[in-house]
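J.: Protein chains in written order, with the working numbering: chain A, 1 to 283; chain B, 1 to 283.
Accuracy of the hints is not assured; some may be wrong.
Identical copies look the same in the list; a pair holds intra-copy or inter-copy alike.
Claimed, not checked - Using 20 Å as the maximum straight-line C-alpha spacing, the simulated SDA-like pairs for lysine to any residue come out as follows: (1) Lys276 - Leu210; (2) Lys276 - Gln129; (3) Lys159 - Met1; (4) Lys218 - Asp36.
Hints are computed from structural coordinates only; laboratory data are not their basis.
There are 2 protein chains.
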Amino acid sequence: MIERLAIVGIGLLGGSVAKAARAHAVAREIVGVGRDLTRLRPALDDGTLDRAVTDVADGVRGADRIVLAAPVLANETLLAQAWRAAAAGALLTDVGSTKRGIVAAAERLAAGRADVQFVGSHPMAGSEQSGYAVARVDLFQGATVVVTPTEANDPTAVKSVGEFWAALGARVVTLDPDTHDRAVAAISHLPHMVAWALVDAVARFEPDALAIAARGFKDTTRIAASDPEVWREILMANLPAVTASVAAFREALGELERLVADGDGAALTARLARVKATRERLS
Amino acid sequence: MIERLAIVGIGLLGGSVAKAARAHAVAREIVGVGRDLTRLRPALDDGTLDRAVTDVADGVRGADRIVLAAPVLANETLLAQAWRAAAAGALLTDVGSTKRGIVAAAERLAAGRADVQFVGSHPMAGSEQSGYAVARVDLFQGATVVVTPTEANDPTAVKSVGEFWAALGARVVTLDPDTHDRAVAAISHLPHMVAWALVDAVARFEPDALAIAARGFKDTTRIAASDPEVWREILMANLPAVTASVAAFREALGELERLVADGDGAALTARLARVKATRERLS
Chain A
1 MIERLAIVGI GLLGGSVAKA ARAHAVAREI VGVGRDLTRL RPALDDGTLD
51 RAVTDVADGV RGADRIVLAA PVLANETLLA QAWRAAAAGA LLTDVGSTKR
101 GIVAAAERLA AGRADVQFVG SHPMAGSEQS GYAVARVDLF QGATVVVTPT
151 EANDPTAVKS VGEFWAALGA RVVTLDPDTH DRAVAAISHL PHMVAWALVD
201 AVARFEPDAL AIAARGFKDT TRIAASDPEV WREILMANLP AVTASVAAFR
251 EALGELERLV ADGDGAALTA RLARVKATRE RLS
Chain B
1 MIERLAIVGI GLLGGSVAKA ARAHAVAREI VGVGRDLTRL RPALDDGTLD
51 RAVTDVADGV RGADRIVLAA PVLANETLLA QAWRAAAAGA LLTDVGSTKR
101 GIVAAAERLA AGRADVQFVG SHPMAGSEQS GYAVARVDLF QGATVVVTPT
151 EANDPTAVKS VGEFWAALGA RVVTLDPDTH DRAVAAISHL PHMVAWALVD
201 AVARFEPDAL AIAARGFKDT TRIAASDPEV WREILMANLP AVTASVAAFR
251 EALGELERLV ADGDGAALTA RLARVKATRE RLS
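Sequences and hints are given; from them, build the entire structure.
T.: Next comes the structure, spelled out in structure tokens:
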């Protein structure tokens, strides 16, 4: 059992980590770190946090497990602060959507101080909503969490981080940070780019059409309502993989468009059937 | 009340029209026309249809209301057959996703025989599934149905078609056929193109990523599992509007990509916030 779990950032993800850790009795004490004590108040009042502080060093001091749950670029700065203040033997992880940047930062910090470890995590369980008010005790139940160890990591630390997420109900998958970043570009960042472009295009092409939009359009564009600040950081942090995935998408769309324009019904049907089969394998 | 309602095509949409018409007592008698009597059997057995036939002329003869619910190109052929066999005063409509083609066909037929009328309909209530097995009595409850009259239509006929859908629970919106076709290209055909290209691109760019796909990707690509035959027809029937909407999308995506690549965080956040606001107005 974790003696003291410190969570930096008590929003949707950090708040859900706290609630789930509390419900599954994963940690004896849970400390929340946030920029604004007023906004941490609800998590104290409902018994999710034992203590709430605004100072990172204060919050992580004495914690044996630290979870960074701020937006992705902020986590890199917080990592350095937490690294300096952490107790010997502390194990750090995060919930960020991109991993190359923070893993590289951790490797630089480990060169200076080796008695603290970082193993990256990415729970595939976000939402277009944000904030502690939408945090859920079951957010990770059945969700996939990607853990991204490197060769520099102690296998025991990697195992502990995997067990932590498993205890919160998640299915744990291991990927190296580069593969992870390409994979999330493909199945998360690219779909966001596409959903934003879709809403934007319709608003300009035929704005009145939005009034008759049905479930298909709403589902396809739900993630276009995601938090702009959070996503600005994610897209910038994962620029090379995002650019490559958009290029792959543009090519696939161009091929499809040519099949439609060519009027070759059989070829078009075959392509749509192949894609349908791929999609259906996802369940 | 309709004396005899004939529905040509007893799949998801036609079957749901039959079930809803039965439940709301909109017609005294409901006749189903299909290509295969075995597949019409469940709709007879559960009491949805009073009679099932495979011959179009036989099925529509004596009906005062005829609904064409086959795939969109088939409806144009069926319209001519139904027009010849229909009783004087019969009112025809359809459930097709594109309207310019069938409305033009009806205008040609009206030149030969003027005692039958067609008013186009498009219920915005499809699904990626098809067949009578997924037909639902409440498919049109709260759904939007676009009715697409032209100047050639008798206002009484337009009113009757609107009242028919309203009686099945739908919200009725009127658009001219051209505006309708651009609007559905924008909010239905384009999202399908994008969803297919997205699944196809990910399968080629990083196939292993599909294994960690979460709700965002699944929602965004749900419609990529739509029926290939049905969609081949829709895309080909609405080619000009589909092409124009894809061009608008390509432009929006290109702009977004440049905002990400330029590293101008403020401009990117502003764009994402504007799109988010548009999407949120859809509820």
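J.: All hints, please: hold or fail.
T.: Hints versus structure:
Taking the closest pair of Cα atoms, Lys276 and Leu210 come within 20 Å of each other only across two copies (14 Å); inside a single copy the shortest separation is 26 Å, beyond that limit. Taking the closest pair of Cα atoms, Lys276 and Gln129 come within 20 Å of each other only across two copies (11 Å); inside a single copy the shortest separation is 29 Å, beyond that limit. Proximity of Lys159 to Met1 under the C-alpha cut-off of 20 Å is restricted to the intra-copy arrangement: shortest distance 14 Å within a copy versus 70 Å between copies. For the homomeric pair Lys218 and Asp36, neither the shortest alpha-carbon distance inside one copy (34 Å) nor that between copies (35 Å) is at most 20 Å.
Hint violations for this structure: number 4 only, all remaining hints satisfied.
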